[in-house]
Amino acid sequence: MRHAAKNRWRDRWLRWLVYATVAMISCVFLWILFDLVRGGVAHLSWGFLTDSPRDAGRAGGIGPILVSTLLIVSVALASALPLAWSTAILLAEFVPTASWPGRVIRFSLQVLASVPSIVFGLFGNAFFSVYLGMGFSILSGGLTLACMLLPILVSTAEAGLRSVPAHYRLSGAALGLSRMAVLFQLLLPAALPAWVAGLLLGIGRAAAETAALLFTSGYVDRMPESLLDSGRALALHIFDLSMNVPGGDAPAYASALVLVILLLLINTSALLLAQAWQRKRIVPS
Amino acid sequence: MIWSKHSISFQPASVDRWLRRVLTAAATIAALIMLLIVLFLLYESWPALQQLPLDRFVSDASWHPLEAQYNLLPMLTGTFYASSGAMLLAVPMGVLSALFMVFFAPPQVAMLYRRLLELLAGIPSVVFGFWGLTTLVPLINQWEPPGLSLLAAILVLTIMILPTIAVTSHAALLAVPREYLQALAALGLSHWGSILGIALPAARTGILAGIMLAAGRAIGETMAVLMVAGNVVQHASGLFDPVRTLASNIALEMAYAMGGHRGALFVSGLLLLLWVMLLTAAASWLARNRHA
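The listed protein sequences derive, respectively, from chains E and L.
Just so you know, full-length UniProt numbering puts 233 at position 233 of the first sequence, and the rest follows in order with no gaps.
Just so you know, full-length UniProt numbering puts 207 at position 207 of the second sequence, and the rest follows in order with no gaps.
Any given hint might turn out to be false.
Residues from chain L shown here face chain E by an in silico Cβ test under 8 angstroms; the list is partial [unchecked claim]:
id : residue
1  : Asp16
2  : Ala110
3  : Tyr113
FYI, nobody ran anything at the bench for these hints, they're computed from the structure.
Where is the CB? At the ideal position from N, CA and C, for every residue including glycine.
Next up, chain E with everything else stripped away, as it sits in the complex (with noise of 0.2 angstroms):
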């Protein structure tokens, strides 16, 4: 009877303590989004979106710096997508998983998964800022971003693949159809929504880095003319605001608000894709 009841309580207590956590992490994010929105929502206007910062950015919006993010992050899919994709598929299609060039491949990508991003930052400085003569630019600030990015686009597109029925390969090869036709008609629009999903968390990665290019592409918050101009991407854009100059803050508030939308905007529609495309594939086919 002692018993039952100490295991009562030790249950209610569990109970307790398991909503008490999630209740403040809970209230912790909300806490966060109504500090941004009420600090940056005053601030927030079109004008702001497009104006260019004036008065080291007290004054003016963000509209170079948006550029300049866009321009970031393009440069950074643009050169790590087709290396990625590339990889992935190899890695599912071509290679065995326990052969060593794979275990060679996903190795070295794993590595490179959990590289602070200020290590980054370092070596896109030494490699293409200062070894590759780009200096302070878009373009050397995208290509060490691409570095980073690769990872989580090879596992997202490889996780796609795979998930792809093997009969798919099967019956591609019983018609006589090259691996060139299997892949590029049957795996990847069966694997796309997955792709995508990757891409967008990519995007979405890429558009919130800040420490990786703080020595890259640099801090200039004029429209850049050219890939080789320095440009400054959004979030460091607050970080300067917030750290460097004194009466910055409901700028920062409102840059951070647009990033934070942003940011939300691209992470919950490529979390939605994920979930209808694995809906879809529990469907028995």
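Knowing the structure of chain E, use the given hints to seat chain L on it.
Leaving out everything else, chain L in the frame of chain E:
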């Protein structure tokens, strides 16, 4: 069913050989990037490593890079305190969150909470830093000035690494065979008994691997910590002292570092990389031996 408009059969087999060659070339480049990163960090830190005996990095008077004093110890302790403090808070909260999703919540609520965690993980570190700077730091300052402190760094890091721990623990708990838990419920075992006695031990290695990954993130995190930790080079003697971590030291000084100073920063980057790589190796070793 997917139809193609033009004939896709009867392509020569050489197409496949050609495709494979292109893919292999791309994958080789992708695999070599990690090597390139290590090589360039070594290349840039080589002059510093050659000129300075290694023990200078722990025995110099302090970190005064402009006077060629390169003691990294205060930054090492700062990094260690901040990340272990964050782990101390984030591990129990993350595991409890995972328990909530697996054992306590109805499926829809669990899904909703998982979405929340995933979105939390997607918030950029600079936004966490900014929020910490404008909200947490003033609160801590009211309690015990100056506010920019080890405590602020620990709290911000906790929020940032919590989703990693919760999501990996969730996956590990879901992998525990359903029959174990059903058998326990049939035996009339309490929640407490089945969770602490069976579910957590069975998911132990997966949870540990997630914890290692989160520790790696905490150690390497730069911007958020840089914005709230105060960045004073010192050994913290309490939670309210400002500290500087290895990663934020690099971010603070790279802009004007020259010669030996630049080399010393690359050495600290190398150190950071090795530290995080060890944790990742441990995590993947654990994950691989999950069923052993």
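Checked hints:
Checking Asp16 (chain L) against chain E by beta carbon gives a least distance of about 5 angstroms; that is within 8 angstroms, so the hint holds. A distance limit of 8 angstroms between C-beta atoms decides the matter here; for Ala110 (chain L) the minimum to chain E is near 10 angstroms, and the interface restraint is violated. The beta carbon of Tyr113 (chain L) comes within 6 angstroms of a beta carbon in chain E, closer than 8 angstroms, and the hint placing it at the interface holds.
The structure is inconsistent with hint 2 alone, although it conforms to all the rest.
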